[in-house]
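A.B. asks: Residues per chain are reported as follows:
Protein chains: 2
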Amino acid sequence: MHNLQANAVDRLAQLREQMQKNGIDAYIIPSADPHMSEYLPEYWQSRCWLSGFTGSVGTLVVTQTEAGLWVDGRYWVQAAKQLAGTGIELQKQTHDPNSTYLAWLSQNLPQHSTIAMDGDVISAQLYTQLTAQFSANYQLRCDLDLIHLIWSDRPALPKATIYSLASQAIATPRHEKLAQLRHALKQKNMQGHFISALDDIAWLLNLRGADVEFNPVFLAHFYLDTAQTAILFVDVDKLDAQLQAALAADGIQILPYDVSKDILKTLDITSLWIDAAKVSIAHLQACPSTVNIMREVNPTTLFKSQKSELEIENMRQTMLQDGIALAQFFAWLEQALAAKERINELTIDERLTAYRAQQNGFLGLSFATIAGFNENGALPHYRATNDAFAQIEEQGLLLIDSGGQYQTGTTDITRVIPIGEPTAAQRSDYTLVLKAHIALAQTVFPEGIAAPLLDSICRKELWQAQLDYRHGTGHGVGFALNVHEGPQVLSYYAPITAHSGMKVGMITSNEPGLYREGQWGIRLENLVVNQPMPNANTGYGNFLYFENLTLCPFDYRCIDLTMLSASELAWLNDYHALVWEKLSPHVVDDAKAWLAQMTAPLA
Amino acid sequence: MHNLQANAVDRLAQLREQMQKNGIDAYIIPSADPHMSEYLPEYWQSRCWLSGFTGSVGTLVVTQTEAGLWVDGRYWVQAAKQLAGTGIELQKQTHDPNSTYLAWLSQNLPQHSTIAMDGDVISAQLYTQLTAQFSANYQLRCDLDLIHLIWSDRPALPKATIYSLASQAIATPRHEKLAQLRHALKQKNMQGHFISALDDIAWLLNLRGADVEFNPVFLAHFYLDTAQTAILFVDVDKLDAQLQAALAADGIQILPYDVSKDILKTLDITSLWIDAAKVSIAHLQACPSTVNIMREVNPTTLFKSQKSELEIENMRQTMLQDGIALAQFFAWLEQALAAKERINELTIDERLTAYRAQQNGFLGLSFATIAGFNENGALPHYRATNDAFAQIEEQGLLLIDSGGQYQTGTTDITRVIPIGEPTAAQRSDYTLVLKAHIALAQTVFPEGIAAPLLDSICRKELWQAQLDYRHGTGHGVGFALNVHEGPQVLSYYAPITAHSGMKVGMITSNEPGLYREGQWGIRLENLVVNQPMPNANTGYGNFLYFENLTLCPFDYRCIDLTMLSASELAWLNDYHALVWEKLSPHVVDDAKAWLAQMTAPLA
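Chains A and B are the protein sequences, given in the same order.
If you read the first sequence in the working numbering, its first letter stands for residue 1, the second for the next number, and so on.
If you read the second sequence in the working numbering, its first letter stands for residue 1, the second for the next number, and so on.
Treat the hints with care, since some could be wrong.
One copy or two, either will do: identical chains are not told apart, so a pair holds if it fits within one copy or between any two.
Here are the simulated DSBU-like cross-link-like pairs (lysine-lysine), alpha carbons at most 35 Å apart as the crow flies [said to hold, decoys possible]:
no.: 1; residue 1: K92; residue 2: K186
no.: 2; residue 1: K92; residue 2: K188
no.: 3; residue 1: K186; residue 2: K582
no.: 4; residue 1: K340; residue 2: K186
Quick caveat, the hints were computed from the structure, so don't treat them as lab data.
All values derive from a computational prediction rather than experimental measurement.
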């Protein structure tokens, strides 16, 4: 038995012992931290530590007799492997409400059982849902961190230095953002506001950090009221004297990261605005019962989603840099393949990252590179590891989904290239996905329309062939911040809320795909920004279009031109002309030759 | 001053007097009956009686100093005319929450005011919303029908005979439907179920009536439990002895229409299922407080939305009849126009209805015919009246939206024809709408997808030109029942609920439009039915397509063929070939010649 699996068996036994001591019948361990982050500091990776499952999302539920890990479709294969022999059952979560751990608990747990969890890593929203569903039949507790009792060598919290956003990328000074936020509170008659979302805090303060992989954020909570108070709860050692002074000058007090709940307990206000999806139930329960709580999306989430013209211009420049690195990389790859060099999926990541690293202001990757050859490309969230990776050889399709964090922006792009001669079926699939990509790219749409409502325009061509893909078509993208950012989600799976509307300046990915299990995967992704159409005064309000930000050709060798309409072909040639115009002055030699070949007009 | 306006002034004064006597500061008068019907018996047309506004939807709110009528965009012109001089202000309701009467009351009514309404004509859902919004600042009462105190010559309730659905149209016998409904209750652990929705009751009992215009329903409430009890609350005089016996044989007791609340008061069950959007707050409040209420869409609403194969086959036959009548009508119209006969919008309605009336099983119209010439066509809900109608002469576009109720189905179709030679702008607009219609008609989509998510496929071409239309693209259609039926609504404006999913057998309209204020209006409408695609086993579940039910050509004289893609043209020619194949054996002379000309292949 593998070490990790032996660990899981042992740790599960220890947890059950603690559960018994504390009178707990079921313990819930989500993939979460007190900020409801996508990437967790090791300190909060308790679900991974306990189960051995290394995927990014999954909820572990343990009773005295059973243990289950609920994961969505992208992780079924991986989880099945990693859970084998642990005594933890893989539970396949789908869109069916009966497939959730909530349904499982309802069906399997005897009445009057006690369900517990660590309130620090359960959002106020989720706890409300659990209460609504379970309080009639079960006892619920959120005051028990049983993991802490058994995780003896639990890692420390990260200590990365906090730095200021590059001056050329600062569209709005910190004190103006604070004033804007206080104005939003006053408009809703709220006195105080507590933020735990790390990207919201980073955006608000024009600061960045490196406490987790990929997202340039730092661990912090933030409180402000409409009067004078503004408190940053953060490890002060991460801030140099200059930054401390700058924050103080803007009226921001610095308190230790771990006293946020204590301060909330002493709140002397009547009303507090929190984003219940982004604040832990432990923090909410710390507030005095006299404080009237309003649960609403953070104003900062909405503010930061609408990029300013300066930010968009920075993004255009960043895309130029990213495009240069990509052209250099692809030119190298073509040469290496032609020379029959031994290349595997890990090589792809290394070389592509190396080219990006040569660019000014490069900080790191914006997420773990997905380089999936053939059947690995058919796993939308595949990640090659040192233990398991494929050689890139013979014939097939190579999918590369990658992105960079730069001081002046965040990138995210997926391309698919042929290894050897692509088959007719591969070209047909590629072209279908390209048609879907172009359909969305060409769309003009009413300002404010809920993003999920645009998804069917993208998928229509795939649906026509009774095909689809099991992921969203687009996610919001941060500015020199998280590559996944709300509020807009361009996916027909996504719920529509009051904040789903498409607004000017939002940056979103356009990434339809098609996955043939065991064969190949295709995904074609650009980032686009919502721009206003010139007003046509048609009496039907304002319309938006997508300006393309990403600069990298689509591989003509994979395209079946007979499947493209005249309008689609024109879009493609226009796009390639733009890519050539922007990138060609900045690349030389092989990269320039590659670019010329890849952007030549198609007919 | 017009009579109606003098009436309104007088009645408003009487209402205010009653309000003062009863200590009421604001009185709400919706357009509703105790069944939340679309068409109201005269008895419940109190908003119309009081205000003089004859439109179908609008809410009147009266205080001692102000009176406002909230209506949506389709009625702004009409309401402005009809309210002039009444002292009632037109309030334009839009999608903006600030434009509602709820917002107006919040802003204008002093704290501690008393707001009252007649609980018989306010849904439980609306009252819950009013309570949530107002109970903190206002007193709410729903036990006062002040209208009854001042409407001395209030009309009686209708007395139309109830009849059995035609035997060839009965897919499922009544006793099976009752068993199916009881099964649905048991699945949710509910003991009782109370239905006020008239079309649900008509569907459940395989009965039809004629108590209101256009919808073949009868006034009734229905109660059943999972044991033996089933009660139809109805005026027994409407049922002949044979029907009474048939209902009794199926275990259905008949009680007077007006005792439904009294019986609810005596309920001896622990749980009751109601559709809060379709049951009045007065009925809900009649239930003993010991009864646990579950608020969920009626199972019958979902059952009846999925038409059986027998019902669909009946609809195909009915569409054949409707198509014959339409061909005869359009052939007559062409002749009459060529002969320079004097034709106005009312003539259109008369002649078209006369042709439909010649068809077997014709019962009446499924809604008031909309025949709008030029600028009148630009009002999506226009209705010509004896006081105001247009002559059809010179040049322009004539929009005709009409439908019939037959014993074997319900139809709803919109066509636009040119009078004289259409202009390039008119042909461009027509073709844009046709492209939108075809885009939706051709769509293949995942089974169960929420209907609103398909709307962008239809509107895309219009959006591209920064155009749109302010109504839904499609509504569900009943089988020999209401022409507007839930739960599916194909509109990006519509909220997405758990019951928005597209399922096999649902019949929906496909009716994009384009309206040039003061010039012309275009709407092209067919009914379509969701059919399963042959299973392609692609691993992405089941897909549906729309089978076209409506049989009537699109007018080639309005089409700019250069704007159609090859695929759109092929769809149009295929459709016209189908129309010719189905209808031509059943028409002769002028109608056949017209059909041949209108369905000839286009290239």
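A.B. asks: For K340 and K186, with the copy left unspecified, which applies at a CA distance of at most 35 Å: within, between, both, or neither?
C.D. replies: Answer is neither; intra-copy 65 Å and inter-copy 67 Å both fail.
A.B. asks: Go through the copies and call it for K92 and K186: within, between, both or neither, with a Cα cutoff of 35 Å.
C.D. replies: Answer is between; shortest inter-copy Cα gap is 28 Å, intra-copy 45 Å.
A.B. asks: Can you give me the call for K186 and K582, within, between, both or neither, at a CA distance of at most 35 Å?
C.D. replies: neither (45 Å within a copy, 66 Å between copies)
A.B. asks: First find the shortest C-alpha distance between K92 and K188 inside one copy, then the shortest across copies, and answer within, between, both or neither for a cut-off of 35 Å.
C.D. replies: This pair counts as between: shortest inter-copy Cα distance 25 Å, intra-copy 41 Å.
The structure is inconsistent with the numbered hints 3, 4, although it conforms to all the rest.
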